[in-house]
Structure formats: structure tokens, C-alpha cells
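Engineer: Residue-level listing of the chains:
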Amino acid sequence: MAALTAAPARPRKLLASRKTRVGILYALPVVVYLLVLFVYPIISTLFLSLKNADGSLTLHWYVDALTGVNLSVLITTLRISAETALLSLVFGFILANAISRLRPLWAGLAMLIVVVPHFISALVRTYGWIILLGDKGLVNETLAWAPGAPYQLLYNELGVVIGTTSMMLPYTVLLLYGVMRGVDRGLLAAAASMGAGRVTIFRRVYLPLVAPGLASAGLLSFILSLGYYITPALMGGPNQTMIATLINQQVTKENQWNGAAAQGVLLLLLTLAGLLLVKLVSSLGASAKKRSAS
Amino acid sequence: MKDARIDRRLFLRGIGGVAAGVAAATALGACGTGTSRVSSSGGGGKTVVVRDSGGSYGAALQKAIYTPFTQETGISVKVLNLDNAPLLAQIKQGRPQCDLINDSMMSHVKYAGQDALEKLDRDRITSLKSAKIPDNQITDHAIGHSFYGQCIAYRTDAFGGRKPESWADFWDTKAFQGGRAMCSPDGDLPELEFALLADGVPMDKLYPLDVDRAFKVLTRLRSEIKKFWDSGPLPGVLLSRQEVTMSTVWDGRIADLQKQGVPVARQLNGIRRQFSGYAIAKGAANVDAAYQLMDFSLRAESQANLAKAFPSNPSSPLAYEKLTEDERNALAGAPQYYDKGFDTDVDWWLQNEAAVTQRWLEWARG
Amino acid sequence: MAEFGVITPSVAAVGGKPATATGKALSVVALRKTYGDIVAVDEASVEIAAGEFVTFLGSSGSGKTTTLMMIAGFCEPDSGTITVGGRDVTRLAPQKRNLGFVFQQYLLFPHMTVHENVAFPLTLRGVPKGEIRRRVGETLEIAGLSGFGGRKPRELSGGQQQRVALCRALVYRPPVILMDEPLGALDKKLRDQLQVEIKTIQQELGLTVIYVTHDQEEALVMSDRIAVMRNGRVEQFDTPRELFERPKTPFVADFLGAANFLPGRVEQHTDEHTLVRLDRSGGLLKARRHDLASGTPVEVAVQPGRLRACAIDDGFCSGTVETATYVGTLVRAGVRIDGGDAPLLRLEVPAGRGPVAGERVGITADPDDVNLFAGEQGG
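Protein chains in written order, with the numbering used here: chain A, 70 to 363; chain B, 429 to 794; chain C, 148 to 526.
The set of hints was computed from the structure by calculation and includes no laboratory data. Each residue gets a CB set at the ideal place from its N, CA and C atoms; glycine is no exception. You may find that some hints are simply not true.
[Stated by the list, open to error] One-sided excerpt, in silico: chain A residues whose CB lies under 7 Å from chain B:
(1) G203
(2) D204
(3) Y224
(4) N225
(5) G255
(6) N308
(7) E323
Produce the entire structure from the sequences given, and follow the hints as far as they go.
Structural biologist: This is how it looks when you write it as C-alpha cells:
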């Protein structure tokens with residue numbers, strides 16, 4: 070305060086500093102929120118994962134998590150998440166593309182149909198899938214004439230990916246729908262006016278324009294799938310055990326928090342790695358484009 | 429011990445925060461779904477908070493126990509459905525959300541080992557004597573009120589009129605063709621006992637379990653097991669949709685299907701019994717009311733009323749006398765069935781659950 | 148398919164200027180488009196010569212844009228024929244017509260650089276890379292955009308973006324370039340500048356352009372010929388000068404020249420002139436010769452700039468100057484005609500010789516500048 074009164078010759082600096090202080094005041098709630106509910110818990114989880122039973126530091130929870138069956142579960146988790154992301158992208162794209170061409174009323178209705186399964190309990194949903202995909206289910210009954218029928222569509226990876234994909238579809242469809250609605254249809258007409266055919270328009274104009282949406286939708290469903298366990302447990306077999314199932318088992322059944330924390334941290338790292346990867350790929354793509362343009 | 433306490437507290441808070449933004453927590457976050465804490469009321473009536481596992485069991489409890497209890501005592505009952513781990517963490521923090529805990533006796537032993545339960549004053553539970561609760565269901569920290577069983581369920585139309593009589597038949601996929609379903613560690617303790625019974629181990633010589641032998645026997649059936657179930661209704665779903673012809677099942681879970689005319693039946697031979705009981709959380713806000721509710725629940729007629737609403741098997745022998753013959757015959761706990769099954773050895777499983785679960789996963793993924 | 152040989156009665160609208168030696172670049176015959184009960188385009192016909200700059204001029208709803216869209220292939224006509232360079236394209240998809248199109252909203256591809264945008268149509272045509280680079284460079288230079296090739300469209304101003312769009316439409320030398328109010332989103336100053344630029348480029352490269360606008364001045368500045376459209380019909384298709392000086396309908400006279408209309412009756416003819424008795428003032432007005440029977444009621448139309456103030460007894464009517472507004476080189480005057488409550492007569496006279504408010508004046512006009520329209524119609 071002394072400086073404040075003693076230095077009237079520098080009013081601009083004073084103003085700036087007051088602005089800064091007001092800014093800090095405004096930012097404070099968010100900063101506190103993030104610190105208390107985000108940074109602190111993550112750091113404590115990290116500590117927990119590094120702590121031995123006697124309190125000393127150790128990496129053996131990570132060694133545990135990255136060896137034997139835990140490692141194979143981790144790899145399974147990554148694989149199923151990647152498959153889910155890919156499939157929900159493909160189907161999400163087809164659906165969103167179709168919906169974005171509908172009139173708003175029909176589009177809303179179609180969207181509802183996509184989203185509704187989300188609000189049905191996992192068990193009821195699974196029952197529905199069994200009716201559809203089971204040995205005596207609709208699909209296998211209609212395909213009874215085909216060689217090799219009945220097909221095993223449940224309790225394996227196929228079943229899990231079908232289940233998780235249907236859970237991810239609302240996200241990808243909503244995300245892609247938004248992006249697609251944002252694409253100026255005039256651009257497609259412009260391309261056609263210059264002589265571009267439908268395939269060319271799709272590949273060189275439409276796809277690049279919705280690409281950011283594809284990247285974020287794919288990433289979102291990948292990350293969400295990483296933490297899934299109810300659907301994989303219901304629709305898959307032991308070979309589709311997800312890492313979240315192990316975390317859940319350790320915490321609720323075995324009261325083993327340190328190991329769970331280590332796996333949680335790994336999951337978090339994988340998520341961040343996924344984000345980084347997408348960032349990297351998109352920036353690589355951009356720089357490659359720049360090089361080809363210059 | 430103190431360190432561990434802090435750790436859990438940190439971790440519990442961690443759950444909430446991480447869940448806000450990161451997928452890593454979807455699993456962890458799912459652990460905690462509680463109702464808000466009900467403080468012991470001032471002014472009007474008293475309150476007691478009881479933890480149960482919800483679902484149709486919870487509904488039956490509400491009807492057969494909680495509502496009559498409130499009518500008799502004026503104490504209102506709040507229900508909390510919370511998993512073990514978060515509840516334990518709450519108790520460690522000294523502010524448990526619930527007073528009375530209705531859970532498996534195995535879980536109570538774990539809790540007691542963590543110093544999370546009040547030591548019970550048996551004089552305050554008069555129905556221990558009046559309901560003739562067996563001594564082996566009375567421990568320092570928990571009282572067994574009922575058991576549930578795990579047994580065979582099968583489609584009656586699948587085997588040409590024959591019915592499976594034993595676990596050996598469950599394993600015999602030539603005589604009893606069709607897919608099988610068994611329990612995954614997500615649902616209940618791995619079913620090693622059944623494998624050993626199928627292999628000829630006598631029921632009274634099961635424990636300590638020969639784990640290697642059990643997994644060897646399980647391996648014989650592995651390719652026929654289409655699904656490892658992890659929730660109570662799933663075996664019924666699988667049977668009614670003819671996905672499998674035989675499954676392990678929590679006894680009582682196919683009663684509704686039978687009423688609907690689905691051709692399914694149970695085989696009680698070799699049933700595995702696990703007991704559930706009441707305990708009071710350490711640091712509970714309403715200890716008196718918790719004692720009152722526990723005492724009320726353990727009465728023979730309360731247990732009988734519950735058994736009418738839900739296929740739980742009362743620990744009080746007097747309760748069975750208060751049931752009609754049909755009701756009694758439906759219950760696996762009826763005296764005439766007692767020799768058909770065995771009690772789970774809680775101590776053995778407490779020592780071995782983690783290792784067996786891990787090995788089960790390796791085996792199942794094989 | 149297209150009905151050739153059907154000569155429609157509205158062929159009167161087909162332009163006066165015959166196709167040049169280079170031949171017809173594009174012809175539209177009896178084009179019709181309806182949306183339910185609404186006739187958007189009604190038997191529109193135009194023939195455009197190679198190298199010509201033709202504008203479809205009309206207010207909104209006149210059918211000018213719909214006609215353009217049908218030429219481009221973005222909407223399908225109910226009937227009629229569109230021929231480009233002798234090829235019937237009426238039912239072809241837009242991408243098969245090989246036309247250029249410049250949109251009002253620019254519609255540059257946001258994910259491509261300026262260079263990539265302009266190169267896009269060339270890559271579709273399999274032009275070798277080196278030549279693409281050369282031609283894109285040339286085209287950008289013509290539009291004054293050298294050095295902007297690496298930028299993204301969003302880094303450019305509106306005017307620059309529209310220049311890029313123009314480059315993109317002309318880089319592959321389509322036989323006809325269609326422009327849909329390309330300057331509509333720009334401010335006045337930029338619009339004037341770009342009008343000149345587009346016109347210059349068109350003339351230098353000998354481009355055939357069909358241009359749509361609602362702005363009369365823009366149409367007059369840029370066009371070789373203008374098709375004035377109204378209610379889906381081509382009212383008149385002519386050079387700006389013809390439209391201005393010899394409007395065929397009162398609408399054209401009003402729309403282009405904002406003409407003054409005075410009701411009257413044909414009184415008699417001389418060899419060169421038709422004499423009209425005006426209804427309100429009773430004065431006698433001399434117009435150039437029109438083939439109208441004596442006694443025919445007519446609307447006399449004279450552009451404000453073609454009326455002159457004169458001595459009070461020398462004009463075909465007289466009145467009092469009510470307003471006189473100085474607008475740079477001109478004075479705009481409003482004159483209250485004696486003998487009736489007719490609207491103010493609008494005059495535009497060179498500044499300095501202008502009348503002042505309150506002055507009593509006579510009004511006269513060169514007979515050659517007076518147009519007559521039969522009937523009671525007119526604005």
C-alpha cells in the first residue's frame with residue numbers, strides 16, 4: 070500500500086496490477102475447484118499407487134499391473150476400446166450423415182432412437198441383445214439356413230464390441246451430427262459446379278470438413294470405452310475382461326486400493342496418451358499439407 | 429494403521445474428483461452411489477439408516493421389516509445401497525452414512541478385522557433367545573439372519589425327462605447336453621467347491637479346498653461354459669432364452685420364471701450356503717435405533733414374513749414353523765433340505781479369495 | 148425431353164443483338180419452373196454469344212436466380228431447354244456441365260489454402276502438377292492475389308475471398324461463368340472497385356459471363372446486355388443503352404430509369420413525331436414516332452435526366468419547383484405540375500443551371516427521349 074501512495078507517477082502500472090488482482094479474484098473459484106477436486110485427488114491417487122503396505126515407496130503395484138494376467142487385461146482393454154472407437158465412428162458417421170439430411174422433426178426422432186438405449190438398464194439391454202443375437206435369437210433364427218449357424222455372436226469379443234458400440238453411438242452420432250450440420254452444403258454445390266463427382270466431393274471436401282469431428286468422436290468413444298466394464302461383463306466372456314473390472318474387483322471385493330490406484334493411474338496415462346496421439350496425428354497432417362502446398 | 433486410514437480417505441476423495449473429468453474413474457466412481465446422509469433427527473421421530481443390497485431383496489425388506497418396524501417403534505428407516513469399500517472408508521473416517529449393516533457374514537468378518545464394527549451387546553438383542561438363533565450365527569460383531577444358496581438350475585425340457593441329480597451331472601455334458609453358465613468372481617466366490625464335488629470329494633471333506641484339483645476339473649467343463657454370469661437375474665435369462673441348458677444360480681432367482689411357466693427347475697443337491705447378517709457400524713450415529721431394528725428383524729415372525737416376500741432362508745428355526753408347508757418347501761433352508769448342502773468356510777475364503785480370483789481370471793482367459 | 152421447334156409467343160424477349168461470328172455460347176429456350184402454384188420462371192428465353200457479359204436483372208422473386216440455378220444444374224426445369232456450346236445440358240448433373248460458378252457467399256473450401264482452392268478444379272481434370280502451379284499462379288496474378296497462395300480463406304478479406312472464388316471459377320476456362328450476386332456481401336466502395344476488376348478480367352480473357360444482380364447501376368456498368376426479369380418472365384433483353392432509352396415496357400422504364408410517368412392520349416402523328424395531349428395539364432407533348440392509333444390512352448415516360456426546365460410558356464407543362472437538392476454535379480428537383488395533385492415530377496439537371504425552390508418553370512423534353520406506352524398501366 071505504501072508503494073501505491075508513493076508512486077503516483079506510474080498510474081498505468083497501478084491500473085495494470087489492479088486489473089491483475091481482479092483477474093485473480095475472478096479466476097480463484099475455478100482454480101480452487103480444480104485444485105481441490107482434480108489436482109489433489111489425482112496426486113493422492115498417484116501417491117497411493119506408489120505406496121507399500123508399510124508406507125515406503127515402491128513400484129511393485131505397477132509391476133503387478135503390467136505383468137501376467139493384468140497386462141493381458143490391459144491389452145484387451147486397449148484392443149476393445151480401439152475396436153469400439155472404430156466401429157462407432159463408422160456407424161456413427163453413417164447414421165449422423167443420414168440424420169443430418171432429414172428434416173428437423175425426423176432428425177430429432179431419429180436422434181431419440183439412437184439415444185434411448187442409453188437410459189435402459191444394462192441388464193434389460195443385455196436381455197434385448199440375447200433376444201437378438203443369442204443362439205435362439207432373431208439373427209441366428211433368420212440365418213438358420215446358412216452354413217455354420219448358429220453363429221456365436223455373444224459372450225465373446227464380437228458381443229462386447231456390439232454392446233459397447235451401441236453405447237457409444239449416441240456420443241459419436243451427436244458429435245458428428247453437430248459437425249455435419251455445420252458444414253455449408255453450398256460448399257458441396259460449389260465443388261459440383263467445378264466438375265467434382267459425388268465420390269470426389271465426399272473425399273476431398275466433405276470428409277476433410279468433418280475430420281475434426283471424427284477425430285474427437287473417435288477419441289471420446291475410445292476414452293469412454295477404456296473405463297467401461299458393465300457392458301463387457303454382461304456381453305463378453307473372461308477374455309473380454311476390462312481393466313475397470315479389475316479395479317472394481319480390487320476395491321470392492323479385495324479392499325486392495327494401492328493396486329487399484331496403480332491401474333487407475335495407468336488408465337489415466339493411456340487416456341492422456343490417446344489425446345496426445347490424436348493431437349500429434351492432426352498436427353502432422355497439417356504440417357504435411359503445408360509442405361505440399363508450398 | 430494410521431497411514432492406511434489416511435490413504436483410504438485420500439483415495440475416496442480422489443474418486444469424486446477424478447470422476448469429474450477422467451475416464452479412469454468411471455470404474456472407481458461407480459463404487460459410490462449413496463443416499464445423502466440422514467442426520468439423527470432432532471424434533472420429531474428418530475431415524476435409523478440401514479445398508480442393504482437393494483433390488484427385489486430391498487423391496488421385500490421394506491415391506492416385511494422396515495415398514496412394520498416403523499409402525500411399531502415410530503423410528504423411521506432410511507435405506508442406503510453402498511458397496512463395501514466406500515462404506516468401510518466412511519467408517520474409517522469416523523462418519524459412516526449408515527448405522528446398521530446388512531451384508532454377508534464374510535464381509536462382516538472383514539469389517540471386524542478392520543475394526544469397523546461395534547462390538548455387540550447381546551443383552552440388547554432379546555430375539556437372539558426368543559428366535560433361537562443358532563450359536564454358530566452369533567459372533568462378537570455380527571448376527572446371522574439368513575443364508576442364501578448357490579445351486580443347479582436347469583431346463584426341464586432339455587434332457588428328455590431326466591433330471592440332473594448332482595454336480596457330477598452338471599459336468600456330464602454327454603448325458604446332459606447343452607451349454608452351461610457359471611458364476612464369475614464379479615458375481616460371487618468362484619465355484620471351486622462344485623468342481624470338487626463333481627470330482628467325487630465328499631461334502632464334509634471339501635475344506636481346505638484343493639485349488640489345483642478344482643481348476644483341473646473346471647478345465648474339463650471350460651469349453652461348454654458359454655457365459656460367466658455376474659448378476660442374479662442373468663442365469664434365469666440365459667435359461668429362458670435357451671442359451672444354456674444348465675447354470676449355477678442363486679437359489680430363489682428362478683421362482684418367478686417357474687411361476688411364468690418357463691420349464692426350469694432347481695436341484696438342491698450340493699447347494700453352497702453363505703450367511704448374511706447384521707452388524708452395527710463403528711461410530712454409528714443411531715446405535716440405539718440400530719439395536720432396535722436388528723432385534724426386530726431377527727424375531728422369528730419377522731424372518732418368516734421376509735421369507736414370504738423373498739426367498740431368503742431364515743436363521744431362526746422357529747421362523748420355518750410360522751410358514752405354510754408350501755412356503756417352507758420352497759425354501760432351501762427348510763429342515764428337510766439341510767443335509768443336501770454345505771456351509772461356505774468363510775475363514776478359508778477370506779485367506780484365499782484374492783489369490784483364487786486372480787487364478788480364476790488366468791484360467792478363464794486361458 | 149426438350150421440345151425443340153416449339154416457338155413460344157414470348158420470344159419477343161429474345162435479345163436484339165444477334166449471335167456473333169464466334170457463335171452461341173449458351174441458349175435458354177422457354178425455360179419454366181414452378182413450385183406448387185407459384186411460377187418461379189415462366190417461359191424464359193435468352194441467347195448469349197461467346198465473350199458476352201450478360202446480366203439477369205430483377206428484384207427478389209423475379210426468377211433471375213432460379214434461372215441461373217437451372218443453367219448451373221442445381222435445380223431442374225419443368226420444361227424448356229438449356230444448351231451450352233451446342234450441347235443440350237438440360238438434364239445433366241451440375242458437375243457434368245463444365246460451367247464456372249461464383250457464389251454470393253464465396254464458398255471457398257475452408258480447409259484448403261488459396262492455392263489449393265484455385266487448383267481444385269484443375270486437379271479434377273487431371274492437369275499435370277507443373278501446369279496446375281503455373282495456371283494457378285497466373286490466375287492469382289490476374290486477380291492481384293500473388294503471394295496469397297499459402298493463406299487460408301479465413302485469413303482474407305471479403306473482397307479477396309471473392310477474387311479467389313472468381314479465380315477458382317475461371318482457372319479451368321469454362322465456356323460460361325455464372326455469377327450469383329457475387330458482390331452482394333461487400334460494401335459499396337469495394338463493390339464499385341470489383342465491378343471494374345471483374346469487367347476488366349472478363350474483357351481481357353474474353354470470358355462469357357452470366358451475372359445475376361438486383362442492382363441496376365451494377366448491371367448498367369458491367370453488362371453487354373441485360374435481361375430485365377419480372378415475375379419469372381424476361382421483360383426485355385437488350386443493351387443497357389437500348390433498355391435505358393427505348394424501354395419496351397413501363398416496368399423497364401421505371402426499373403432502370405426511374406422514369407416520370409404522365410397519363411395522356413395520342414392526338415395526332417407527324418412524319419417523325421407522335422403528339423400526345425396530357426390529361427392533367429392539357430399541354431401538348433411531342434414524342435418520337437410511335438405506332439399508336441389516335442385517341443389511344445398512353446403513359447408518357449421520360450427519365451428525370453432527360454427533362455429540362457425552360458421558360459414557363461415553352462414547355463409541354465408548367466409548375467412550381469418544390470424541392471431542389473444539390474447532389475454533386477447534379478441538382479435533383481421536384482416540380483409540382485399545375486392542374487392536379489399528380490406526383491412531383493422529378494428532374495435531374497446539371498448543377499449551376501438548376502432551378503431554385505419556389506421558381507415557376509416550364510418543362511420540356513427532346514422528342515427522342517420520350518417513350519409512350521399504350522394503356523392505363525405504368526408506375
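Engineer: Under the constraints set out in the numbered hints, which ones does this structure not fulfil?
Structural biologist: 4, 5
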